[in-house]
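K.L.:
Since the structure of chain G is already known, use the hints to place chain H on it.
There are 2 protein chains.
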Amino acid sequence: MRRGMFTAACLGLALVSTAFGRSEGGARPLTMADVLGATTASDWRTPELADLLYLDLEAGRVVIELAPAFAPAHVANIRKLARQKYWDGLAIVRVQENYVVQWGDPESGNADRARELGAAERQLPAEFTVAASAVAFTRLPDGDVYAPQVGWSNGFPVARESAADGDQAWLAHCYAAVGAGRENAADSSNGSELYVVTGHSPRHLDRNITLVGRVLTGMEVLGGLPRGRGPMGFFEDAAQRIAIRSIRLGSDVPEAERVPLQVMRTDTPAFERLVESRRNRREEWFVHPVGKVELCNVPVPVRQPPPED
Amino acid sequence: MRRGMFTAACLGLALVSTAFGRSEGGARPLTMADVLGATTASDWRTPELADLLYLDLEAGRVVIELAPAFAPAHVANIRKLARQKYWDGLAIVRVQENYVVQWGDPESGNADRARELGAAERQLPAEFTVAASAVAFTRLPDGDVYAPQVGWSNGFPVARESAADGDQAWLAHCYAAVGAGRENAADSSNGSELYVVTGHSPRHLDRNITLVGRVLTGMEVLGGLPRGRGPMGFFEDAAQRIAIRSIRLGSDVPEAERVPLQVMRTDTPAFERLVESRRNRREEWFVHPVGKVELCNVPVPVRQPPPED
Numbered sequence: 006m007r008r009g010m011f012t013a014a015c016l017g018l019a020l021v022s023t024a025f026g027r028s029e030g031g032a033r034p035l036t037m038a039d040v041l042g043a044t045t046a047s048d049w050r051t052p053e054l055a056d057l058l059y060l061d062l063e064a065g066r067v068v069i070e071l072a073p074a075f076a077p078a079h080v081a082n083i084r085k086l087a088r089q090k091y092w093d094g095l096a097i098v099r100v101q102e103n104y105v106v107q108w109g110d111p112e113s114g115n116a117d118r119a120r121e122l123g124a125a126e127r128q129l130p131a132e133f134t135v136a137a138s139a140v141a142f143t144r145l146p147d148g149d150v151y152a153p154q155v156g157w158s159n160g161f162p163v164a165r166e167s168a169a170d171g172d173q174a175w176l177a178h179c180y181a182a183v184g185a186g187r188e189n190a191a192d193s194s195n196g197s198e199l200y201v202v203t204g205h206s207p208r209h210l211d212r213n214i215t216l217v218g219r220v221l222t223g224m225e226v227l228g229g230l231p232r233g234r235g236p237m238g239f240f241e242d243a244a245q246r247i248a249i250r251s252i253r254l255g256s257d258v259p260e261a262e263r264v265p266l267q268v269m270r271t272d273t274p275a276f277e278r279l280v281e282s283r284r285n286r287r288e289e290w291f292v293h294p295v296g297k298v299e300l301c302n303v304p305v306p307v308r309q310p311p312p313e314d
Numbered sequence: 006m007r008r009g010m011f012t013a014a015c016l017g018l019a020l021v022s023t024a025f026g027r028s029e030g031g032a033r034p035l036t037m038a039d040v041l042g043a044t045t046a047s048d049w050r051t052p053e054l055a056d057l058l059y060l061d062l063e064a065g066r067v068v069i070e071l072a073p074a075f076a077p078a079h080v081a082n083i084r085k086l087a088r089q090k091y092w093d094g095l096a097i098v099r100v101q102e103n104y105v106v107q108w109g110d111p112e113s114g115n116a117d118r119a120r121e122l123g124a125a126e127r128q129l130p131a132e133f134t135v136a137a138s139a140v141a142f143t144r145l146p147d148g149d150v151y152a153p154q155v156g157w158s159n160g161f162p163v164a165r166e167s168a169a170d171g172d173q174a175w176l177a178h179c180y181a182a183v184g185a186g187r188e189n190a191a192d193s194s195n196g197s198e199l200y201v202v203t204g205h206s207p208r209h210l211d212r213n214i215t216l217v218g219r220v221l222t223g224m225e226v227l228g229g230l231p232r233g234r235g236p237m238g239f240f241e242d243a244a245q246r247i248a249i250r251s252i253r254l255g256s257d258v259p260e261a262e263r264v265p266l267q268v269m270r271t272d273t274p275a276f277e278r279l280v281e282s283r284r285n286r287r288e289e290w291f292v293h294p295v296g297k298v299e300l301c302n303v304p305v306p307v308r309q310p311p312p313e314d
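The listed protein sequences derive, respectively, from chains G and H. In terms of our numbering, the first sequence opens at residue 6 and continues consecutively. In terms of our numbering, the second sequence opens at residue 6 and continues consecutively.
For reference, chain G alone in the conformation it holds in the complex (with noise of 0.2 Å):
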């Protein structure tokens, strides 16, 4: 009998080890397709409409999906200015090779010619950082160079500190991520102006600027974008910007016009195998898993949902 609880209590450890660690009972450890094949709906989430911002490009879509626990005051402005159809027409001024591709109005710092901001705020307070306690978090056991902890917070990758150092949390700044382009002062930003990282991740920006969400499709239609030969990707010819047709909160997009997405949910013992399948890859190709991962290194699955669903 003790030795039966004695059992029972190394299986559970046996399972949590699993998670971040070996493999359960000698099976072979998961590919990341074999946990994604293994999943079922209860993985997934389906992000809020109101959450959601569709770019249209000539070269293809992006879906974005917005941040409001991290950055509530910077998402509220950003849902005015779609909804004002802010930026439609606009352009993106800004694609700088392994850094970020901007959007916004060429004209902003030109008061006689800016295009009006309407309802939306003109400034808006900093919102590096929130309450750790505030979100959710799946902890990554790996470390991080810029970090005390990194992990997860419902699909976005995420950074904080121990209660002793400040108990802050705030957006990071993967591949992928998205922000509000500010001026020197910290609290200069307002949402109009905005920028998806699109290289190798700069998290040195973290806690320095307004992260508001991240990109759930389309980065391959930013990263094919020509880049821009002025200083820090900047096209220096107004001819080469590349248009805004359109971008809306997906609340407002028609409904046979959406893109149906499920964000796979990251506080899951199906994420956490695939974390596991990313910490140590099992496909044959390998030769050494190594164990480890970095932050940025994780891709937080999206997809359409199936038709069994």
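Wrong hints could be hidden among the right ones.
Put simply, identical chains are the same to the list, so a pair is met inside one copy or across any two.
Listed next, the in silico SDA-like pairs over lysine to any residue satisfying Cα-Cα at most 25 Å (straight line) [to be verified]: (1) Lys297 x Pro153; (2) Lys90 x Pro146; (3) Lys297 x Pro146; (4) Lys85 x Asp39; (5) Lys297 x Gln101; (6) Lys297 x Ala136; (7) Lys297 x Gln154; (8) Lys297 x Glu102; (9) Lys85 x Leu254; (10) Lys90 x Asp147; (11) Lys297 x Ala74; (12) Lys297 x Phe133; (13) Lys85 x Arg270; (14) Lys297 x Gln89; (15) Lys297 x Ala131; (16) Lys297 x Ala78; (17) Lys85 x Pro111; (18) Lys297 x Arg187.
Because the hints were derived from the structure by calculation, they are not lab data. If you're wondering where the values come from, they're calculated on a predicted model, not measured in any experiment.
P.N.:
Just chain H now, kept in the frame of chain G:
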């Protein structure tokens, strides 16, 4: 007198910690622009012409520096292939968003139609690591998720382990790294199929595949190529592949057509200052200098030599 000695000892410490930590005597910490502006000719080296590979596409030119210290057999074979003009008229066969651009012979798997390798070897040993003692090493003090130690060796980002762990060093899969594609067998590469990392650094590939060098200039050419729409970014339609005009060794490029390039030395106090300028960003825009930097977020500068040199 004792006090004088104590002061001298403290100064010594201060100078050491300047390189990777604090500022000297209250002086404003340097930005990268400051550091580069203060370099002298001896802070730069000119790569050997036989270590340079010029890749010419319609979209522009890419210049790669090969790393014979890390992959001697692969580099020797790549030199043979370039001298035979092996790649001329072949193609970029894969452009995968946030991962790699890859080129070679689309018919390499078809014995009847594959291009002849001529004097080049068909198969090479895996060159995943070298003895750490055989290569230079300037250490980055900020740690790393994937390897016990990271830093630079003659301009290349590298990782290594301690003598007790195996005493090996290896090139790191940072953005702009160039590697030799292989099949499942570790020794199935020959350097005829090459790839360049164009996205967030896939460090899990370290020690799984042979890296042969890094791109010095032209990443914006590769980064802006249209993405392949097949699995893993391969072009499914042969017409979508991107033609290679030519690949030449620098020593075979007519002098008038060469790009005069210098690479910042990574074993100098100037480079230590550059790293420090990336660890603590002091440009006015930044409000939160991190005090740390990830290996792949430190650019190793490349320049055209100034007229006065």
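K.L.:
Should Lys297 paired with Phe133 be assigned to within, between, both, or neither, using CA atoms and 25 Å as the limit?
P.N.:
between (28 Å within a copy, 19 Å between copies)
K.L.:
For the identical chains here, do Lys297 and Gln101 meet the 25 Å Cα criterion within one copy, between copies, both, or neither?
P.N.:
For Lys297 and Gln101, only the inter-copy Cα distance (23 Å) is at most 25 Å; the intra-copy one is 30 Å.
K.L.:
With 25 Å as the alpha-carbon cut-off, assign the pair Lys297 and Ala136 to within, between, both or neither.
P.N.:
Answer is between; shortest inter-copy Cα gap is 23 Å, intra-copy 28 Å.
K.L.:
With identical chains treated as interchangeable, where does the CA-CA distance between Lys90 and Asp147 reach 25 Å or less: within a copy, between copies, both, or neither?
P.N.:
Classified as neither: same-chain Cα gap 43 Å, cross-chain 45 Å, threshold 25 Å.
K.L.:
Between copies, within a copy, both or neither: which fits Lys85 and Arg270 at Cα up to 25 Å?
P.N.:
neither (28 Å within a copy, 51 Å between copies)
K.L.:
Reference check for the pair Lys297 and Arg187, CA-CA at most 25 Å: within, between, both, or neither?
P.N.:
between (35 Å within a copy, 23 Å between copies)
K.L.:
When no copy is named, should Lys297 and Ala74 be tagged within, between, both, or neither for a Cα gap of at most 25 Å?
P.N.:
Close neither inside one copy (28 Å) nor across copies (27 Å); limit 25 Å.
K.L.:
Treating 25 Å as the Cα threshold, decide for Lys85 and Leu254: within, between, both or neither.
P.N.:
Cα proximity of Lys85 and Leu254: one copy only (9 Å, versus 56 Å across).
K.L.:
At most 25 Å between alpha carbons: which applies to Lys297 and Gln89, within, between, both or neither?
P.N.:
Neither way: Lys297 and Gln89 sit 45 Å apart in one copy and 42 Å across, limit 25 Å.
K.L.:
Can you give me the call for Lys297 and Glu102, within, between, both or neither, at a CA distance of at most 25 Å?
P.N.:
The answer is between: 23 Å across copies meets 25 Å, while 28 Å in one copy does not.
K.L.:
Should Lys85 paired with Asp39 be assigned to within, between, both, or neither, using CA atoms and 25 Å as the limit?
P.N.:
Neither way: Lys85 and Asp39 sit 42 Å apart in one copy and 42 Å across, limit 25 Å.
K.L.:
State whether the alpha carbon distance between Lys297 and Pro153 is at most 25 Å within one copy, between copies, both, or neither.
P.N.:
both (16 Å within a copy, 12 Å between copies)
Checked against the numbered hints listed earlier, the structure breaks hints 2, 4, 10, 11, 13, 14 and 16; every other hint is satisfied.
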